[in-house]
Amino acid sequence: MLDSVIFYSFAGIAVISAALMITRRNAIHSAVFLITTLLATAGIFLQLRAEFLFISQIILYVGGIMVLFIFVIMLVRLDVPLPQIRSRTQKWIALLVALAVGVEAGVVIFLARKAPGQGLLIPNPAPADKLPPNTEELANSLFRTYLLPFEIASVLLLVAMVGAVVMAKKRTDA
Amino acid sequence: MMPIGHYLFLSLALFLIGAIGVITRRNVIIVLMSIELILNAVNINLVAFSRYFGDVAGQVFALFIIADAAAEAAVGLGIIIAFFRNRETVLADEMDLLKW
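First to last, the sequence lines map onto chains D and Z.
So the first sequence is numbered by the working numbering: it starts at 781 and just counts up by one.
So the second sequence is numbered by the working numbering: it starts at 17 and just counts up by one.
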């Protein structure tokens, strides 16, 4: 009961502010609504007992990536109010594509829910008080099984950092 | 305990909203933010399945996706700043240098 109340409030906040995010004209308003969505998603993670992801979602996404976005929005001048939809046909294409994908995935999930015990939805989750400590387990998995992907991710971040600096730098020689 | 379908439908809704944002918006910064929203929707799926299968690998994958999103945002915003310096705009319609 409490679980579903928590889930529905966070899910409602996430979906409503995501819808507001793609419709606001002002880019800063969009960024703030995206932050709200990300925080609500962090709440969903906590409800799924993923404590480490909950806190890294807040620190990395909200504290890091979104601050970067807001900095760039403030650096880039946007005084002219933009027409928010490119054209009527584009809007209809977008809605059509979204509808097609949504109906398809919805039908798949619905059919899988109707046949319990087989296909997509076999598992029966362990009760919340029987779970091992999340951060410990995550660290074990990350630094034992997935050590090589972890190192590759660190190289990727280094490359991205250098690339961002090179591209955002003012070119004085050319 | 919630049935897993609820999480899948939430993730689907966020994914579709992000996709509509990518297709319809003209401002490239908002297109990038919609891509972040899509990555986030995928993370909900991974964490939900990780909880239901009792396997922490899904959360590890979600962590990698967050690292990817950070790298992508850094590079994307760097490109936007370089483009804005050259062309004084961030509208996707104006980015037609390679079009003929």
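These aren't lab readings, by the way, just hints derived from the structure by calculation.
Keep in mind that the hints are not guaranteed to be accurate.
Distance condition first, Cα-Cα at most 35 Å in a straight line; then the derived DSBU-like pairs of lysine-lysine [to be verified]:
1. Z:Lys-115 to D:Lys-950
2. D:Lys-871 to D:Lys-894
3. D:Lys-871 to Z:Lys-115
4. Z:Lys-115 to D:Lys-910
5. D:Lys-894 to D:Lys-910
None of the values given here were measured: they were computed from a predicted structure.
Check: Which hints, by number, does the structure contradict?
Finding: Hint 4 is the one this structure does not satisfy, whereas the remaining hints hold.
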